[in-house]
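Produce the entire structure from the sequences given, and follow the hints as far as they go.
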Amino acid sequence: MVLAFIRDRAALERSIPLDTSRVFIDAKGERLVESIGALLQEIVHRERAFRPADQVRWRNTLEVLIANLALAVFNRVDSRRFVGISFNANDYSGTPHSVRMLARMRDGLAELGLVEGQHGYRRTVEKQVQHGRRTRLRATAALRNMFAENGVTRAAIGWSERRDVIILRQAAIGTPLEPSDVRASRSILLRQNERLGSVHIGIPDDAWARIADRYYGNDDDAEERLVAGEEGTQLYRIFKGDWQSGGRLYGGWWINLPKAERKLLTLDGEPVIERDYARLHPTLLFARVGQQLDHDVYSVEGFVGPQVRELGKRTFNRLVNRTSSSPMRLAATALDRAQLPPGARFHDYVAAFTAQLEPIARWFGSGEGVRLQREDSDLALAVLDRLLDQNVLALPVHDSFIVPRRFDRQLTEAMEEAFRGKYSFSPTVR
Numbered sequence: 001m002v003l004a005f006i007r008d009r010a011a012l013e014r015s016i017p018l019d020t021s022r023v024f025i026d027a028k029g030e031r032l033v034e035s036i037g038a039l040l041q042e043i044v045h046r047e048r049a050f051r052p053a054d055q056v057r058w059r060n061t062l063e064v065l066i067a068n069l070a071l072a073v074f075n076r077v078d079s080r081r082f083v084g085i086s087f088n089a090n091d092y093s094g095t096p097h098s099v100r101m102l103a104r105m106r107d108g109l110a111e112l113g114l115v116e117g118q119h120g121y122r123r124t125v126e127k128q129v130q131h132g133r134r135t136r137l138r139a140t141a142a143l144r145n146m147f148a149e150n151g152v153t154r155a156a157i158g159w160s161e162r163r164d165v166i167i168l169r170q171a172a173i174g175t176p177l178e179p180s181d182v183r184a185s186r187s188i189l190l191r192q193n194e195r196l197g198s199v200h201i202g203i204p205d206d207a208w209a210r211i212a213d214r215y216y217g218n219d220d221d222a223e224e225r226l227v228a229g230e231e232g233t234q235l236y237r238i239f240k241g242d243w244q245s246g247g248r249l250y251g252g253w254w255i256n257l258p259k260a261e262r263k264l265l266t267l268d269g270e271p272v273i274e275r276d277y278a279r280l281h282p283t284l285l286f287a288r289v290g291q292q293l294d295h296d297v298y299s300v301e302g303f304v305g306p307q308v309r310e311l312g313k314r315t316f317n318r319l320v321n322r323t324s325s326s327p328m329r330l331a332a333t334a335l336d337r338a339q340l341p342p343g344a345r346f347h348d349y350v351a352a353f354t355a356q357l358e359p360i361a362r363w364f365g366s367g368e369g370v371r372l373q374r375e376d377s378d379l380a381l382a383v384l385d386r387l388l389d390q391n392v393l394a395l396p397v398h399d400s401f402i403v404p405r406r407f408d409r410q411l412t413e414a415m416e417e418a419f420r421g422k423y424s425f426s427p428t429v430r
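Residue 1 is where the sequence shown starts when you use this note's numbering, and the numbers rise one by one after that.
I should point out that these hints are in silico values taken from the structure, not numbers from a laboratory. There may be inaccurate statements among the hints.
Stated by the list, open to error - When the alpha-carbon atoms are kept at most 30 Å apart in a straight line, the in silico DSSO-like pairs for lysine-lysine are as follows:
| # | residue 1 | residue 2 |
| --- | --- | --- |
| 1 | Lys259 | Lys422 |
| 2 | Lys422 | Lys313 |
| 3 | Lys259 | Lys313 |
| 4 | Lys240 | Lys259 |
| 5 | Lys313 | Lys263 |
| 6 | Lys263 | Lys422 |
| 7 | Lys313 | Lys240 |
| 8 | Lys240 | Lys422 |
Spelled out as structure tokens, the structure:
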């Protein structure tokens, strides 16, 4: 069945990705999956019956799809959110799910009037993907009613026991098995997740109202947009392409909270404090050339304004994250121009900015950002490990950490000790 055309492009962009680790963890959710499966069997015609192994795969695939549709419905920020779904078989390789079955379910659920959405597409030029969007699906009023009638709530959705906390995406051909240091980090994550499962992470209701205002106003960048409610507490580590790229921790719903709202979090009712490493990625690059960074690299002499430092942060990230033979040639965005001082030209700003970073310029345009993420993720895990040994739970946000205020000293000491253990000099913790 062809999905109806969705005219609201902004709504299509505001989606959560299908998470194949999501399942129902109570009998109500499981009964709902069985009921929907029975409805699908009546309209998804097959020439022969499923083999037992295929029946299990069908059930697993359907449960993941329905659980993700339910997560979108129960989202605290946007209950009309779509689920973004890949129909590339490679994305399901090695999983107990089938992309062919998923396609049948998409069409069958649409025919039953239980989902609506839009098919994905890819536009290519000379075999290079220029633009694309994964298929979008969301629950209709009929499916929402089924959730309510069956007593399914957000609490009914959990994690599959098959889910690993170490994920390597888009592995290059010949990539070896995970190295010993990555394997060792699994035990830290499992300890961390066990503690996270026993603590209540709260935030005031008025904070959710402000977050929703930002969301609907498109004030957040797509990669920084809060995509979860309070259901995401289990952390996992994602590498990209190989074991030296990426490795950061994801999965915690607090990670993409605006910084101002993170200050309002509570851990088992206790107020919190957040500490971070100042200028971490520039500090790590300067350390590679034997220099200890002792100045603010995000400020540029001759360029003064209230937003110039934020411009510096973003410009630095563009320089180290992109892969380019002409790394200094950055095109100005509307935000770049808005943050420049009146009368300043972006070209002149970039020239002055990169001149003061000459010692580390060799890494501009090299895509070094993902390898820096490997370094900062190793550092984050070392901090968490030290704190867990002291029975202190911290919420990581890449290079910053949130703890109850009474553990401020322990946090600062753990951050300093972990850094010195890797780089032999003291960091700036703020």
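Consistency of the hints with the structure:
This hinted pair checks out: Lys259 and Lys422 have alpha carbons roughly 27 Å apart, not beyond 30 Å. Between Lys422 and Lys313, the direct Cα distance comes to roughly 24 Å. Compliance with the 30 Å bound is thereby established for this hinted pair. As the CA atoms of Lys259 and Lys313 are separated by approximately 16 Å, the hinted pair is consistent with the 30 Å bound. Taking the CA atoms of Lys240 and Lys259, the gap is near 26 Å; set against the 30 Å cutoff, the hint holds.
For the given pair, Lys313 sits about 22 Å from Lys263 by alpha-carbon distance, which is consistent with the 30 Å threshold. Under the criterion of a C-alpha separation no larger than 30 Å, the hint pairing Lys263 with Lys422 is consistent with the structure, at around 29 Å. Of the supplied pair hints, the one linking Lys313 and Lys240 holds, its CA atoms being roughly 23 Å apart against a limit of 30 Å. Taken as a hint, the Lys240 and Lys422 pair is honoured in the structure, with Cα atoms around 23 Å apart against an allowance of 30 Å.
Of the numbered hints listed earlier, not one is contradicted by the structure.
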